[in-house]
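Novice: Construct the complete structure from the given sequences, taking the supplied hints into account.
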Amino acid sequence: MTVTTDSRPASGPTGDTWLNPLWRSRLEPLLAAGRAAGADLVEVFLERTDHLGVLAEQEAITSVSPAFGMGAGLRVFLGERDGFVSTNDLSAAGLIEALDQALGMLGLLRPAQGSGGFEGLLALRDHGQGKDHWLALCPGLGDATAKLLLGTDRLQRHGHHLQARRGNYARDWQEVLVAASDGTFARDVRLHQSLGLSVLAADGEHRASLGRRYGTSDRPEALHHWDADDSAQDLCGSAATMLYADYVEAGQLPVVLANRFGGVIFHEACGHLLETTQLERGTTPFADRIGETIAHEAVTAIDEGLTGGAFGSLAMDDEGMEPQRTVLIENGVLRAFLSDRAGERRTGHARTGSGRRQSHSFAAASRMRNTFIAAGPHSPDDLIASIDRGLYCKSMGGGSVGPTGQFNFAVEEGYLIENGSLTRPVKGATLIGEAKEVMPRISMCANDLELAAGFCGSVSGSIFVTVGQPHIKVDGITVGGR
Amino acid sequence: MATTLDAETLRSRLEQLAAHEGIDRWDLGAACSTDTSVQVDRGEAKQMKGAQRSAITVRVWNGAGLVGITSTSDLSDEGLRRALSGAHAASAFGNPEDIPAFSPLATAPVPTLDQPLHEPRSILTLLDTLRDAERDLLGRHPAIQTVPYNGLAQRRSERLYLNSNGACRQQRLTTASLYLYARAEEAGRKPRSSGAVRLAYGADDLDIAGCVEEAAERTIAHLDYAPIATGRYVCVFSPEAFLDLIGAFSGMFNARAVLDGVSLSRRESLGESLAVPFLDLHDNGLHPGNIGASAFDGEGTPTRRLTLLEGGVLRNFLHSEATARAFAVEPTGHAGMGAKVSVGPDWFEVGPTPGSEGGASGLDRFAPSGQRGGERPELVVIDSLSALHAGVKASQGSFSLPFDGWLIENGQQRSIEAATVAGDIREVLQRIVGFEGEAKITPDGLCPWVWVEGLSVTGDA
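Protein sequence lines correspond, in order, to chains A and B. So this note's numbering is basically just the index in the first sequence, starting at one, shifted up by 90. So this note's numbering is basically just the index in the second sequence, starting at one, shifted up by 1.
Simulated from the structure, these hints should not be mistaken for lab results. Note that the structure is a prediction, hence the values are computed from the model and not measured. Think of the CB as a built atom: it goes at the ideal place given N, C-alpha and C, for glycine as much as any other residue. Mixed in with the good hints, there may be bad ones.
As the list claims (entries may be wrong) - Label-pair distances were calculated between CB atoms; the ranges are:
no., chain 1, residue 1, chain 2, residue 2, range
1, B, Pro228, A, Gly510, 27 to 37 Å
2, B, Pro143, A, Gly547, 28 to 38 Å
3, A, Gly169, B, Asp208, 26 to 36 Å
4, A, Asp538, B, Gly211, 52 to 62 Å
5, B, Asp78, A, Leu396, 40 to 50 Å
6, B, Pro110, A, Glu412, 51 to 61 Å
7, B, Arg190, A, Gly398, 41 to 51 Å
8, A, Gly510, B, Glu358, 51 to 61 Å
9, B, Glu410, A, Gly128, 51 to 61 Å
10, A, Gln342, B, Glu410, 19 to 29 Å
11, B, Arg306, A, Ala202, 52 to 62 Å
Said to hold, decoys possible - SDA-like cross-link-like pairs, simulated, lysine to any residue; straight-line CA separation at most 25 Å:
no., chain 1, residue 1, chain 2, residue 2
12, B, Lys191, A, Glu527
13, A, Lys526, A, Ser476
14, B, Lys191, A, Glu382
What the hints assert, rightly or not - Only some residues are given here: those of chain B computed to face chain A with a beta carbon under 7 Å:
no., residue
15, Asn96
16, His390
17, Ala391
18, Ser399
19, Ser457
Specialist: In C-alpha cells:
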C-alpha cells in the first residue's frame, strides 16, 4: 500500500507525465518576455515532489508522514546580478507575476511584446525517460513499516542496555523541469531513499547515543536489499564499546580517519571552499591558486555526480546540465572549482554540472555531489602503525565550516592509538582546524576507498550528497575534548 | 501575491471532503507567507529574492480512532482532497499506544499580542538600506574588507488552526530581519569574522545602526588573537552563547523526550534540583522581546509563560496535548503538529532566582582578579558557539563545541585563535558561579552573562 498518488495537479498542462513537453508552450512566452525586458538570461525551475517519512520506536510505528508539493523558481540574470522568485502558484498568471517581480528586482519591466532575441527552447532532454514508474516500484507503507520494525527488533536482539531504539525511513521523489532562455530544456525524475538506525544505551551514569544512515539514489528496490540484521549488529557493537568509553584527552594529535563517512573532513575542510559560491563571497583561501600546491602530494580529490546509486548522483543538475567528474585536487595541486550558472558569470569558472538546490524555493548554487579523496597505496594498518600516540576516528558525526575557513566535525566513535596499535575507546572528541593548514598534513591514504550518504546544508538548502575516502592519516590536528 | 487564508472557506471545503471520505474527526494547520530579501557584496546587489509559500497539514482520525497525517503545499481543491485521502491512508499505520487528541484548550482564549502589522517596503528600498549598512560597516576598520554573510529580509505571514470540533485560531504577522557578518583580515594574520542580528516587526523598525555597531565591535575585538593553552577555565558565556547551550539541551525539559526515554530527565525528576539554587529558567513565548511570537501552538493551545527551573529545581515540563494527558496536567502550548506530535520550547528567560542567595553578584569580567570573588587570574569569555548540530549529544548530556571568544588575563582581553569548550550540561548547571550585567534580549531569549567554573577548553598553544 502506498500513500503516493497518481492524480494530476489542478493547474498546469497534463499528459503522461506532469512536467511534460506541453509546458513548452507556456514557458517559451515567459522566457521571451523576460529577454524582451532586457534580462541576459531567464531560467525557470519547476518541480513536483512526493515525500514519505516513517519512524519506528521500539516495537511500534510511531509516525507516518507523507507530504507532496509543487512549485516554481524563476531566476533572472542581468550582468552579475540576479533576482529570484519562488512560488507555489503554477498558473499562467502566477508565473507571470513571479517573472514581473524578478524583473522588477533588477529594474526591468516586461514589455507588451517582443522576444528579446530568444530563439525558443531546444528539444527536450528527457533524463526522466524510463523513470516514471519508479514511485510505483518503491516499497509501500506496509513494506517500509515491516522493514523498520525488523530493524528495531534486531537492535533489541543484538544490543545491551538499550534505553531507546529507533529506525527511520525517508523516501523523496522529485520530478523537475528546467527551461532557460539559452534554450536549455531538460526534465528529470529523481528518487532518494535513506534509512537510519539509532540507539541510546544507558547503564547508570554511562550513556552512549549512536546512529547509522544508509542512502541510495535512483534505486526503487533499495529498501528490499537492506540487511537489517547486519546494520543492527554493527550499530550495537559500537554502542556497547562506546557506553563505557572515557572522554578523550584534549590536545594536538595525529589522527587516522576511517573510510566512508570519514570523508566529512574533506567535505568541510576543503570541499566547501572549492565552490564558486565561496569565491563570490571572498571566503575561500584558495582563490587564484589554480595550479598551485594546496595539499600534500598524497591527496587527489574528486567531485562527481556519476556513481550509480550514490546519494549525490544525478542525471542533470538543477540548472539542466549533465554532471561531470571534476578533479578538484590532483596530487596536491588545485585543478578546479565547482561552478554553477551564477558562479560562471561572476567568477569565470566554467560550469561543472554542480548547480544544486533543495527545492524550487532556493536559487541553485555550486554545491558538492559525490566528493571523495582517491585511494592511495597503503593498507589501513600501515597508517595506524605509523603513529606512536594519536586518535583513530572510526565513526564521524556532522561538521561545518565558517567564513574564515575554520572547520570542525564531531567524532562519534574513537580509539586511542598507542605505539602503533588501537587501544582504549574514547568519546567526546571534536576536531577543529583550518583548511590551509590541514590539507598539507594529510600525508597517507590507504587503499580502501568507500562512500557514505549524507546531507549537506548550505546556501541553497539541504541536499543529498556523498562523502568518501579511504583511511587517511592527518599528521596533526586539534582534538577538542576534556 | 496574496497571503490570505480564508478560515471559513477552508473549513467548509474540509468538511465536504471529509464527509465524502467518511471522516468525521480532523484538524488542520495551515500557513502562508510572502518574503522578500536582499544580499549585497561591496556595494553591489548580490541577490534579491522573493518567495510565496503555502502549506497545510491535515490530520484525521479513522474509524478505529487511529491518526494519520499528510502535508502539502497545494492548497487547491485537488490538493486538499489528496491530503485528506493520504492522511486517511496513513491512519491505518497510526500508533494505537499513543493517540493524539484535540487539545482541551484549543478553544480557550488566546493572549493578545502587541504585534503591529507593517506594510512591506519595496525590494529596491531594502537594497538601498542594506547597501548603506554594509558601507557603514566596511568603513569601521581598514581590516574589515568584506561582509560575506549579510541579508535584509521582510515577511508577511499568516497561520491557522482548525478542527472539526469548531476550534479556529488565526494569526497574522509581519517581521523583518537584518544580519551582518563581517570578515576582517590584517597582513600576515588569519582572517577573523563576527557579526550581529536584529529582528523587528517591520523593516523601518530595525535597529540598523545598532547591528552595524555590534558587528563592527565584535569583529574588531577578534583581530588581535593568540592561541590558548588547553586547560580548565572559568568561562563567561555571552547571553547568546548560554541560550544556545540551554536550547541544545532543551530535551531535559521536554515531556515528549521524557516519555520516549531519550531525555536526561525522568518523570520523577520533577522536584529535583538540576542546577544551582539561584538559577531560574522560564519558557516565555509571550515576552514582548520575542519578535514573531505565536499566540497558539500547533494544536491550538494558547502560548503561556512556564516555569522550568525555580531556584534550580525542576518544576514543569513542556507539553503537547498527548504528553500532558500522560502526565495528568494541562497542555502548555509547546506542541507542533504531526502523527507523533513534537514538543519544543519557545523563548527562554534565564536569570537569578528572586530573593535567592549564593550566587556571586556584581560580577565584572574586566575587574581586577582579586575583586571577582576569589582568585581567578584568567577568564575565558565565550562569545558564540558553533556546530551545535554536531558537537552536542543531547541524550548523553555532553558537548564539545568550537567557540569564538576571548581570554581575559590581568584585565587584558585578547581574542582566542581557535578553541573548543567541552563539558556536561548537568555539570554546567551545577557550576554556575553567578551572573554579570542586566539580562539582554536576544532572538532566542532573555539572559545575562553567565559565569561557569571548571570547563575544559582545548586550544593549540
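Novice: Now look at each hint and say whether the structure bears it out.
Specialist: The hints, checked one at a time:
1. As the Cβ distance of Pro228 of chain B to Gly510 of chain A is approximately 29 Å, the hint placing it in 27 to 37 Å holds.
2. Hint check: Pro143 of chain B to Gly547 of chain A, Cβ distance near 34 Å, so the stated range 28 to 38 Å holds.
3. As the Cβ distance of Gly169 of chain A to Asp208 of chain B is approximately 33 Å, the hint placing it in 26 to 36 Å holds.
4. Distance hint check: the CB atoms of Asp538 of chain A and Gly211 of chain B are about 54 Å apart, consistent with the given range 52 to 62 Å.
5. Under the hint 40 to 50 Å, the C-beta atoms of Asp78 of chain B and Leu396 of chain A, about 42 Å apart, fit the expected range.
6. Between Pro110 of chain B and Glu412 of chain A the Cβ separation comes to about 59 Å, which falls inside the hinted range of 51 to 61 Å.
7. One distance hint, 41 to 51 Å for the beta-carbon pair Arg190 of chain B and Gly398 of chain A, holds here, with the actual separation near 46 Å.
8. At about 56 Å, the beta-carbon gap between Gly510 of chain A and Glu358 of chain B stays in the expected band of 51 to 61 Å.
9. For the pair Glu410 of chain B and Gly128 of chain A, the supplied restraint of 51 to 61 Å holds, since their beta-carbon distance comes to about 60 Å.
10. Restraint check, Gln342 of chain A to Glu410 of chain B: a C-beta distance of roughly 22 Å satisfies the suggested window 19 to 29 Å.
11. Remark: the range hint 52 to 62 Å for Arg306 of chain B to Ala202 of chain A is upheld by a beta-carbon distance near 57 Å.
12. Restraint check: the Cα-Cα separation between Lys191 of chain B and Glu527 of chain A comes to about 11 Å, which is no more than 25 Å; the hinted pair holds.
13. For the hint pairing Lys526 of chain A with Ser476 of chain A, the CA-to-CA distance comes to about 24 Å; that is within 25 Å, so the pair holds.
14. In summary, the hint linking Lys191 of chain B to Glu382 of chain A is supported, as the alpha carbons are separated by about 20 Å, within the 25 Å threshold.
15. Because the closest C-beta pair between Asn96 of chain B and chain A is about 5 Å apart, less than 7 Å, the hint holds.
16. Using the Cβ-Cβ criterion of 7 Å, the hint placing His390 of chain B at the interface with chain A is satisfied: the shortest such distance is roughly 6 Å.
17. Checking Ala391 of chain B against chain A by beta carbon gives a least distance of about 4 Å; that is within 7 Å, so the hint holds.
18. Taking 7 Å as the C-beta contact cut-off toward chain A, the hint placing Ser399 of chain B at the interface holds, the least distance being around 5 Å.
19. At a threshold of 7 Å, the smallest CB-CB gap from Ser457 of chain B to chain A is about 4 Å, leaving the interface hint in force.
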